[in-house]
Amino acid sequence: MSRRVCSAVSSSGSGLVAKRGAGSSGRVGWTAFFCGPAALLYTVFVVVPLVTALWYSIFSWRGTTQGPLSGLDNYATVLTAYPYQDQLLRAFGHNGVFFVGTMLVQNTVGLALALLLHRAPLGRRLFQTLYSLPYLISPLVVGYLWSMLLSPSFGPVNAVLEAVGLDALARPWLGDPGTALPVVVLVNAWQWVGGPMLIFGAALAAVPAELEESARIDGASAWKTFWTVRFPLILPTVGVVTLLTFIGTFNVFDLVFALGGSSGGPGQAMDVLGLLFYRLAFQGGVNAIGLSSALAMLMFVFVFGISLLVDRMLRRREVNP
Amino acid sequence: MAKLARWVLAAAVVAAATGCAPGGAPADGNITLNVWGWRTEDVAAYNKIFERYEKNHPGVNVEYRAFKNTEYNTILLTGLAGDAGPDLAQLRAYGELQPSIASGGLLALDGQIEALKSFPSSTLDGVRSKDDGKVYGVPFAIQTMHVIYNKKLFAAHAIAPPATWQDMTAGADTLQSAGVTPFAVTVRDDWMLPIEHEIFGAGRYGGPDFRERLLRGNAKFTDPDYVASIELYAGTTKYWQPKFSGVGYDDAKALFASGKAAMFPGGVWELAEFRRAVPDIEMGIFNVPPPPDAKVNKTLTPGFVDGSFGVSSRTPRQAQALELARWMASAEFGQAFSDELTQISAVPGTTPTDPLLKQAFEGFRANPGPYLMYGDFGYGTPSGAELLRAGLADVLLGRKSAADVASGLQRGVEQWFRPRG
Numbered sequence: 001m002s003r004r005v006c007s008a009v010s011s012s013g014s015g016l017v018a019k020r021g022a023g024s025s026g027r028v029g030w031t032a033f034f035c036g037p038a039a040l041l042y043t044v045f046v047v048v049p050l051v052t053a054l055w056y057s058i059f060s061w062r063g064t065t066q067g068p069l070s071g072l073d074n075y076a077t078v079l080t081a082y083p084y085q086d087q088l089l090r091a092f093g094h095n096g097v098f099f100v101g102t103m104l105v106q107n108t109v110g111l112a113l114a115l116l117l118h119r120a121p122l123g124r125r126l127f128q129t130l131y132s133l134p135y136l137i138s139p140l141v142v143g144y145l146w147s148m149l150l151s152p153s154f155g156p157v158n159a160v161l162e163a164v165g166l167d168a169l170a171r172p173w174l175g176d177p178g179t180a181l182p183v184v185v186l187v188n189a190w191q192w193v194g195g196p197m198l199i200f201g202a203a204l205a206a207v208p209a210e211l212e213e214s215a216r217i218d219g220a221s222a223w224k225t226f227w228t229v230r231f232p233l234i235l236p237t238v239g240v241v242t243l244l245t246f247i248g249t250f251n252v253f254d255l256v257f258a259l260g261g262s263s264g265g266p267g268q269a270m271d272v273l274g275l276l277f278y279r280l281a282f283q284g285g286v287n288a289i290g291l292s293s294a295l296a297m298l299m300f301v302f303v304f305g306i307s308l309l310v311d312r313m314l315r316r317r318e319v320n321p
Numbered sequence: 001m002a003k004l005a006r007w008v009l010a011a012a013v014v015a016a017a018t019g020c021a022p023g024g025a026p027a028d029g030n031i032t033l034n035v036w037g038w039r040t041e042d043v044a045a046y047n048k049i050f051e052r053y054e055k056n057h058p059g060v061n062v063e064y065r066a067f068k069n070t071e072y073n074t075i076l077l078t079g080l081a082g083d084a085g086p087d088l089a090q091l092r093a094y095g096e097l098q099p100s101i102a103s104g105g106l107l108a109l110d111g112q113i114e115a116l117k118s119f120p121s122s123t124l125d126g127v128r129s130k131d132d133g134k135v136y137g138v139p140f141a142i143q144t145m146h147v148i149y150n151k152k153l154f155a156a157h158a159i160a161p162p163a164t165w166q167d168m169t170a171g172a173d174t175l176q177s178a179g180v181t182p183f184a185v186t187v188r189d190d191w192m193l194p195i196e197h198e199i200f201g202a203g204r205y206g207g208p209d210f211r212e213r214l215l216r217g218n219a220k221f222t223d224p225d226y227v228a229s230i231e232l233y234a235g236t237t238k239y240w241q242p243k244f245s246g247v248g249y250d251d252a253k254a255l256f257a258s259g260k261a262a263m264f265p266g267g268v269w270e271l272a273e274f275r276r277a278v279p280d281i282e283m284g285i286f287n288v289p290p291p292p293d294a295k296v297n298k299t300l301t302p303g304f305v306d307g308s309f310g311v312s313s314r315t316p317r318q319a320q321a322l323e324l325a326r327w328m329a330s331a332e333f334g335q336a337f338s339d340e341l342t343q344i345s346a347v348p349g350t351t352p353t354d355p356l357l358k359q360a361f362e363g364f365r366a367n368p369g370p371y372l373m374y375g376d377f378g379y380g381t382p383s384g385a386e387l388l389r390a391g392l393a394d395v396l397l398g399r400k401s402a403a404d405v406a407s408g409l410q411r412g413v414e415q416w417f418r419p420r421g
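Just so you know, the protein sequences line up as chains A and B, in that order.
When the letters of the first sequence are read in order and numbered with the numbering used here, they come out as residues 1 to 321.
When the letters of the second sequence are read in order and numbered with the numbering used here, they come out as residues 1 to 421.
Keep in mind that the hints were calculated from the coordinates and are not lab data.
Where a beta carbon is used, it is the ideal one built from N, C-alpha and C, also for glycine.
Be careful, since some hints might not be right.
Unchecked claim - Coverage of chain A stretches by chain B, computed from C-beta distances (three or more under 8 Å per stretch; other residues unrestricted): (1) 58-67; (2) 73-84; (3) 99-109; (4) 142-152; (5) 230-237; (6) 280-290.
Pulled out of the complex, with its shape left as it was, chain A reads as follows (with noise of 0.2 Å):
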C-alpha cells in the first residue's frame, strides 16, 4: 500500500514540479518528504528486527554473547536434533488444525450470522456488538477464563453437564488430548467471530441489490442465490479473511499459552510453532537466542511465502459485478 501512496504522491508532486518547471531532484525530494517518515518506521520496526533475527540465527551464543559463525547449523538442530524435529512437526500439524478449524468454525458462522443481520430491519447494530465484545478482551484474559469455566474440579461447565445427567459428556476437557485442541479452535471462534462477521456484513452490503433482486424474479432459491451471486462477489473479502486467518493461526501464540501453559498442554496436545519458538527462546539454554531466531525465521518464511501464494491464487478467482 505505501508503495501506491508513494507512486500517487510522487506524481502529483511530479505535475507541482512540471508547473514550476523544476527538474527531476524536485520529483525525488517530494517523494522522500512523504515517505521517508513511513519508510523509517518500517525500517525500524519492521525490516531492522527481521534481519537482526536473520543474523543472529547464523550464530552460535553464549547467552546474551555472541559467538562464531554457525551457518546453517542453529536450522539443522532445530529441524533434526531429537525432541525437537518431532515437537516441529506436531505444532506445525497443530497449527495446520488450527488454521482449517478456525476457517470452518469462526469464518462460516461468521458468515452465517453476517448473512443473517444482512438487511435485517431489526437489531443488527445490538447483534454486530454483541458478537463483537470478546474482541475488547485480551487473549490471555480469555484463555484463562476458559481455562477455569472449563476446570473439571471448580469449572461450571462440566458442573452444569453433571447437574443435567449428562455425566457422560463431563470431561478434562483441556487435559484430554482428543479435546483439547477443538476447544482451542472453539474458544478462538468465541472470541473472534465478530471480525469476520462485521467484514462478511460489509462486504455483503456492497453487493448490488438488483443483482439479487434479478436472481430471485429469475426464481432462483435463497441457497442458489448465495452461492451464484453473493459468494463470487464477496470472494475478495473471503480471500482476505483467509490470509489474515493463516497469518494469526499460525503466529498464535497467547490464547494456547493461557489455556495450556508454555508446552502446550498434557500431551502437548495444544502445541503449537509460537510455543515451541518460547520454549526454544526462554528454556533453550546457553543457545536459546540462536536456536529461537532459527524458527522465527522458518515461521517467518513459511508464513509470508504461503501468504504471497495464496494472495496470488484468490486475486485469479475475484469476480467483479
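Knowing the structure of chain A, use the given hints to seat chain B on it.
Same frame as chain A, now just chain B:
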C-alpha cells in the same frame, strides 16, 4: 549489529525498570546498591532484611528491585550486559544459571568470600559454572519436596503420617472410601510432573546412589529401576482427583486448600502459599516411605539449591557489592532470610524457626534425595526436565509406556551430557 541491539534492549529494559534512576553515588556521598530479583511478593521482606545491613554500613543503601518471575532471566541477561544493570542479582541455579555466566556478566567469587568454604560442596554445585568450575553466587535457599497433608482430615479419619509405603496406600484407601480425594495433583501444568516423580519415585530408582552412577556413566535412565520408578509414580493415579489430566496447578492447590483433598505432593514453598490462602489451615509434611522393591531403604527428602546472589562484573561499586555478598554468606543474613521469608536458608549454621521448615530441613540433611532434572540434567538442550515432563504426561495419559519415556529421556540428554568417566 548484535552488540548495538543488545545495548538498545538493555537500555530500554533498565530505563523501564528503574524509571531512569541509576544507582551509585549521589551528591551526599551515600551509595545505593541495586539488587535485582524475581520475588515480587518478597520485596518488603527483603527490604527489611537489608535494613540490618544498612544499619551496620552507614552510607550504603540496598535496594531490592523485583521483576516478573517469567521474564526475569531475559531482563537479567540484558541488564548484566549493559552498564545500567544491577550491582548484585538473584540468580537461578544449575543449568539456568549458565547463560548468565557464559555472557560474562558475573564475577567469580572463589577466593573473594571466605565463608563460601563452609558451604557443602553439593550446595555449591548449584551455583558453579559448568565451564570453569568456579562459584558465581552465594546460595540463598534450599527447596525440599514433600507430601503436604491436612492434619484435620488425617485426624478425622484416624490416619497418621505413614512410616511405610503400605501405611500410605492404606491411608489413601481410607480417605477414598470416605469420599475424600487422597492426593490433589496437577497434570495440566506439566512442569510439576518431574517434581511429583521425585517425591514418589526417588526411593525406587535409588536416589543419590543412582545419581552418582548416572554421573559416572555407570547407569542410564533406561535401567529397570528408573523405568520402575516411573511406573510406580503412574500407579498412584488411582488416588488422584477425578479427571486429573485436566487439573491445573492452581486447581490442585485449591482442592487441597479447600479440604477436598487430603494431600498435596509439592515443594516446601507451597506451605507459605497455603497459609496465605487459608490462614487457619493445619498442615503437616511427610516424605514418601520406601516403596516395594526400593533401591534405598531410607525415606528420602528430595531437594535442590533454589538460587544465589551474584555480583555483576560490570558494577563500578564492586568492593561494596562484594561486601554485601559476604554478608549474604553470614549466619546473620541466613537466619534473617529464614525468619522473614519462611524459607530454608542455604547458609550453614542456620535453622528455620518454623516447625515444618525445620522438619523439612532436618529430613533433607539426614537423607537428601536429588532433583535430577533441575540439577544435573538441566545443563543442556534439550533439558532433562523438558523431556521428562512431556514424557510423564504421555505415561499418565496412557499414550506411552514408562520404558518408552525413559528411552526418550536417555536419547535426548545423550546429545549433550558427558559422564565424568
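So, going through the hints one by one against the coordinates:
1. 58-67: holds (count 6)
2. 73-84: Holds, because 4 residues of the stretch 73-84 of chain A bring their Cβ atoms closer than 8 Å to Cβ atoms of chain B.
3. 99-109: With 0 residues close enough to chain B, the hint is violated.
4. 142-152: Per the Cβ count (4), the hint holds.
5. 230-237: violated (count 0)
6. 280-290: holds (count 7)
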